[in-house]
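*Asks:* Below, each chain spelled out in residue letters.
There are 2 protein chains.
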Amino acid sequence: MKEVPVGVSARHIHLSEEHIEKLFGEGYQLTVLKDLSQPRQFAANETVEVRGSKGSFPKVRILGPARKHTQLEVSRTDAFQIGVKPPVRESGDIAGTPGITIVGPAGEVELEEGVIVAARHIHFHTKEASEWGITDKQILRVQLQGERPLTFDDVIARVSDAYALDMHIDTDEANAAGVKTGDKAVILD
Amino acid sequence: MKEVPVGVSARHIHLSEEHIEKLFGEGYQLTVLKDLSQPRQFAANETVEVRGSKGSFPKVRILGPARKHTQLEVSRTDAFQIGVKPPVRESGDIAGTPGITIVGPAGEVELEEGVIVAARHIHFHTKEASEWGITDKQILRVQLQGERPLTFDDVIARVSDAYALDMHIDTDEANAAGVKTGDKAVILD
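Each protein sequence line maps, in turn, to chains V and E. Heads up, the first sequence stops at 209 in my numbering, and the numbers go up one at a time, no gaps. Heads up, the second sequence stops at 209 in my numbering, and the numbers go up one at a time, no gaps.
Honestly, the hints are just simulated from the structure, not real lab data. Small disclaimer: the values here were computed from a predicted structure and weren't measured. Heads up, a few of these hints could be off.
Pairs involving identical chains hold if they fit within one copy or between any two copies, as the list cannot separate such chains.
What the hints assert, rightly or not - Derived pair list, reagent style PhoX-like, types lysine-lysine, alpha-carbon separation capped at 25 Å: (1) 88 / 42; (2) 74 / 200; (3) 105 / 79; (4) 204 / 105; (5) 147 / 88.
Okay, chain V solo, but in the shape it has when bound (with noise of 0.2 Å):
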């Protein structure tokens, strides 16, 4: 059985370098809240506020290292409730998606593109994927066997070996499931 660990991913931000400065002052570096299950990642202690049409989130948690681009990961949920309409995307695709209003300690940024919805995916290390036959790209069906059985259709299977085995979904996935961080998926074919 491919039985892979969930992971629920709260709504949360990567920041660029410049954006980290503009906000938190010059020269400033995240600090370690907590390492996150794929490697060199982690949860900052800081947090910054973000602005959208209809209302605010006052502490979206920073996940880091810096990125390349800024890029904020809601729920389809959450993008309701602030007044922004993200498309679901892959991480990192962010052409053509909405921006935002950040506001940090230092300064403010405002983002022209980068909101997104996650499309839900699973991380493979190169080794587990040539196991199970996996590949790069590819859409797996997965059971997810929680308080409110259902299968995910549309499951990217995502692989390097920078990777470790997780599957990320958000916060409406998750409680649509009814299941939380730790539980077990199984991908179906």
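Go by the hints and put chain E onto chain V.
*Replies:* Same frame as chain V, but now just chain E:
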């Protein structure tokens, strides 16, 4: 193909006659904003505030007519937001569920039990159910081919002469599937 229209339920409340009077005044009658898909059910013009331990929703839509027992239906996301821990239940099955504070223009109600996350279900008129070989309480697998395709493996069939064909899911479920009211679902078996 067994095709069913989807109806997305936002958070809402059903009130008993007694609670309508406590919240809106003696002899008060709800007024109709909009008829719903189920015969004789309606969204009322009236709303109430509901208050949990961590937050409140200032305008929760009342669905009429009055019921025997007051029942608040929220998504899991809603429940986290206001600090209440309802189980996933079928409508009407409220024994042992948490309560909540309800505030209306004429008074407040300390509800002792009645908060649920509604179990996903399909209403069938007896005629369709019979044609499709579906029986009351049967568990169905139902596919939603929206922006984020998925299959719910635990959809409860509810069959009655008083029902019209409609699949009811909450906002978490709709957002996880990328569907909206009026989209179509397909019963797989």
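*Asks:* Now tell me if each hint is right for this structure.
*Replies:* Now for the hints, and whether the structure bears them out:
1. 88 / 42: within (15 Å within a copy, 57 Å between copies)
2. 74 / 200: between (29 Å within a copy, 21 Å between copies)
3. 105 / 79: both (20 Å within a copy, 23 Å between copies)
4. 204 / 105: between (31 Å within a copy, 23 Å between copies)
5. 147 / 88: Neither: 27 Å inside a copy, 59 Å across copies.
Figure legend: structure checked against the earlier numbered hints; the only hint not met is number 5.
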